[in-house]
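Participant: Listed below are the residues making up each chain.
There are 2 protein chains.
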Amino acid sequence: MRTGIATVCLSGTLKEKMQACAIAGFDGIEIFEQDLVTSPLSPEDVRKMAADLGLGLDLYQPFRDFDSVSEDILQENLRRADAKFRLMSRLGMDTILVCTNVGTATIDDDDLRAEQLSRLAQLAGEHGVKVAYEALAWGKYVNDYEHAHRLVDTVDHPNLGTCLDSFHILSRDWDTAPIEAIKPEKIFFVQVADAPKLSMDVLSWSRHYRVFPGEGQFELAKFMGHVARAGYSGPVSLEVFNDVFRQSDVERTAVDAMRSLIWLEEQSAKWLDAASLVPAGAGGDSTANAAGRRRYPMELATLPKVAEPAGFNFAEVKTDEPAQLETLLGQLGFEFDGRHRTKDVQLWSMGQARVIINEQAPSHSEPAIAALGFDVDSPVIASARAQQLKAPVVPRKVQADEEVFQGIAAPDSTEIFLCQGSPDGTAAWTREFGEGLEHPSAGAQAVIDHVNLAQPWQHFDEAVLFYTSALALEPQPFAEVPSPSGLVRSQVMQTSDRAVRLVLNLAPVIQQEAGQQGSGARKSYQEHIAFAVDDLVATARAAKARGLDFLRIPANYYEDLDARFALDPAFLATLKELNLLYDRDANGEFLHFYTATVGSVFFEMVERRGGYDGYGAPNAPVRHAVQYDSLHAHHVQR
Amino acid sequence: MRTGIATVCLSGTLKEKMQACAIAGFDGIEIFEQDLVTSPLSPEDVRKMAADLGLGLDLYQPFRDFDSVSEDILQENLRRADAKFRLMSRLGMDTILVCTNVGTATIDDDDLRAEQLSRLAQLAGEHGVKVAYEALAWGKYVNDYEHAHRLVDTVDHPNLGTCLDSFHILSRDWDTAPIEAIKPEKIFFVQVADAPKLSMDVLSWSRHYRVFPGEGQFELAKFMGHVARAGYSGPVSLEVFNDVFRQSDVERTAVDAMRSLIWLEEQSAKWLDAASLVPAGAGGDSTANAAGRRRYPMELATLPKVAEPAGFNFAEVKTDEPAQLETLLGQLGFEFDGRHRTKDVQLWSMGQARVIINEQAPSHSEPAIAALGFDVDSPVIASARAQQLKAPVVPRKVQADEEVFQGIAAPDSTEIFLCQGSPDGTAAWTREFGEGLEHPSAGAQAVIDHVNLAQPWQHFDEAVLFYTSALALEPQPFAEVPSPSGLVRSQVMQTSDRAVRLVLNLAPVIQQEAGQQGSGARKSYQEHIAFAVDDLVATARAAKARGLDFLRIPANYYEDLDARFALDPAFLATLKELNLLYDRDANGEFLHFYTATVGSVFFEMVERRGGYDGYGAPNAPVRHAVQYDSLHAHHVQR
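Protein chains in written order, with our numbering: chain U, 11 to 648; chain P, 11 to 648.
It is possible that part of the hints are untrue.
Remember, identical chains collapse to one label, so a pair may be satisfied in a single copy or spanning two.
[Claimed, not checked] Straight-line distance between alpha carbons at most 27 Å, and here's what the computed DSS-like set of lysine-lysine pairs gives:
no., residue 1, residue 2
1, K25, K586
2, K207, K150
3, K58, K586
Hint data in this document are derived by calculation from the structure and do not stem from the laboratory.
So that you can see chain U by itself, here it is in the shape it has in the complex (with noise of 0.2 Å):
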């Protein structure tokens, strides 16, 4: 597949992005006219700096505004047209994008449209020019994809083609099956972006909150079957305007940019195997292969194939200064399984919950999570889809004998490692802790019940796909979580069985008034780690008697929890005598405990009964609250 993008989705000066879509390995790129205009560089400059970085210029675009007017106007667009050419000439370019009127439309009549169109094609055959003809959404009088191939078809010229852009088609739920039905040579290009589900004005919608295919909601991969099907072969180019991508770092977009075409090429190939599987509708020239998979003039490559993790197979948080962070864990009921025998690394664990200690860290690092292990089929194979998927791989030092992790930075810069996982829970690699220490007996019970990550507003869309292609994370609809400082945004990635549940927070940005630094930016949202357990009051009873600092609940919350769900007396008390939380819906309830932050970090303790699924989210507002006047009353102690 030939991948391509537009300059528009990225932030910064023509040469940057030009720059940035080399170094992500962009087959070519789509010049959005303002980004010329606006830059230094003359056409020419661009032609040569082009062929320099190895890069394609597919696409001028937009052309707005041509058809569908009075002959004066027409004439008008015609002349605009004639310099655009002799621009792209100079370019070195070949196909320009002409979108249908939204703004000077007056007349509404197919045949005089095409008769324009026609004229339209002739002049860009004169200068060797193709016309790709795209409905918008919005257009005045042609919205539909099918409407503008319409026109193509009556002009018949081999200079005026369609392009099709996902948005556009999906946002206004056309159909995408009869794109099988266009012929190949036709399709003059093809645009993809994703978006979430917004109920809004789709010009709106369009401008701002389009993401990068895999961070939305359409289904791509099926409007990528068809045009495949189509037996289109040309650029597959993303066209995303977004407000944060404007703004973030031209080139970490740029490989999230790339990395959502890499998703996107192998979920298209699955829909296609899907697909071929039941009886075909209306194909293109596709003739079977051996493995029953058709063969079509695109090629899709495929990626190292991973099932979803397992489990967590470890958390591990970083600091030099561990002392709270024992006492927390060992409060907890966690036991110390003892050093590693190399590194300056603590093992603690409660049944199959285990949490590392690093304390590798610069000097008064206060902990903060540093990195996640998963438990994978295998990590030779799933560290190699990530790279593929063009995550940074994290080198981690091992000595003869130890145990090699495969790791891979999340956006956040959370290391992600990938395990050997067993069948029972166990690994390995705590065999190189505790050497001479006698191990305890089994004590407590527990696993990882999910882990809660702070996500940088930059980056949150990006994560999303990260654990989306990465490490085959599903995302859930997200929710708001109002907070003392703002609402939190709460994205749920989580595997079918509910074995890895990952929560992704976009916390508020930190308000910087004047006297006010930035160094709490960190701080402002803490991430933590929950455990699950299957008798959350001993537990709490018993880290009550070692004297856990529990995150102390108001009472209001007790009162108001009665209102709500009339609970047993002695049940109530309880929950208030132990500072736990709780919550029910249909299908069971959930109880759930917080430690103080030490750091960033903190813990809970959860207990689901019956089949919850969720995360006690009427219980975080009051977290966010009383963990706001905690460090509030921090700060006005300093």
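Got chain U; can you put chain P on it based on the hints?
Facilitator: The following block gives chain P in isolation, referenced to the frame of chain U:
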């Protein structure tokens, strides 16, 4: 008018919110339930604290999903209500908001609803509680205030009344005139919120985009006029869900909120005055007073009246390194009018365009726009108005015989001075400058055309209300301009005669990748002062002859300009030679150029031909790109 605000409008804890509301001068507050539930304060603590702060506890809210349910759910809901009524008694509160059912309603039957509301009213009566019933705009069966009120009328119980919320009414475009037909004793509460006109689902619009009155586009004065004519005299309380306010400094937001109510009060009185001049509809219990104004139970305080400013009096740039600025002004054609007789301040002028260079700045302060002077009829009255609108006063040291400037601080901390205008455009205070200096002969003529100020994202809406209410500027629809570091939101505020044009720009949040520091925060978006002249080409030629460092416009821009406008080749060559930008619309033409940036300031020279009323918006991306390039090059050099 009794002023109120819901705690959900503000950031922080319940305690912080209550303190901020008291400081801002609110009469009472609505307690949003979650703020109480998450608070360590007991209901009795809250009651005492409110009493100590002199804050009424006017409304407990919300109680959701009560009506239109089956009998078993109703029983549960009555039990829930009973718990809340008992809680309210501990708080010393007597009014609760019950909103129409969204989540659990299954039976659409007004008779049943009336019966269920009647049972609620009876229970409320036993607790001495008044139920204010509100139609949510997205209520399942009841989403229209007239429908909700018909139910209140049917039940006819002293403990059941209506709550009117401007958002729920105006977002659905319900007619507000029928409010006047509601008996005043049946209106238990009035909530106000403004909002920008957005086309999106009403729930998301309500939960994220409400703003304070004067910051949006709803006809709130009319809404309030109908409420007053109905004879209502209870609290008028802000209920504004806004993502930014939730993150902003609580005390500033509370003051912004209070300002909006003071302004709304005045606007409502004005609407009533205007409405009393035409035959009234079915009005409430009103009597005409001597001035023709009708009297209503709700007392609407007025403010000192101001007309819109007649023009800019001066602009002030602060720096302790004035050399580059002096050079730039001289090259533009400004004349040096001397130093102030007692202060370390210079005056430069070009006709009526006056620029003060204030050297009383901390060391190493690069030039930045510090103050703007506006010509008003009466500085004292304008200052009194601004102060009643909670604008902070700016102290300005003066010596005997010097003009006393009335100064207030804008939300972005720019100092706004209210000056005595003169019909001939001169300013008396200029006599304080240039003692002993021979005044140069009158040179080139210019006026300040517009000033462009960057606004921090937390204070953008606040700034719109500030300039609307304190300075009588009129907000125009906002635009969004692409720049290499993100979209820039641009909001024009102007007088009806365009003598004052102020542009508020909300720049993208700066990306803070690892290794970057935030010192460039102000720099990242520059501010400027634009001067209008009669002959821009001549001005530019003269400036070029004096060696001015123009912002250099790329050649590609002129090619595109020609493609768009088919300009006369000689004219196009002149534009290109002098780095002039050009725009044209149906009313006229616009020529302009920019200087290089000094500190965070640059200058623009413009010529308006015919009725051109814009700012060359199509050229803004070019300016942003070239400035970004220079800034970037500058950083790399360092």
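Participant: Evaluate each hint against the coordinates.
Facilitator: Status of each hint after checking the structure:
Taking CA atoms no more than 27 Å apart as the test, K25 paired with K586 passes between copies only; the shortest distance there is 23 Å, against 61 Å inside one copy. Taking the shortest Cα distances, K207 and K150 sit within 27 Å of each other both inside one copy (23 Å) and across copies (22 Å). Within a single copy, K58 and K586 get their C-alpha atoms only as close as 71 Å, which misses the 27 Å cut-off; across copies the closest is 25 Å, which meets it.
Taken one by one, the earlier hints all hold for this structure without exception.
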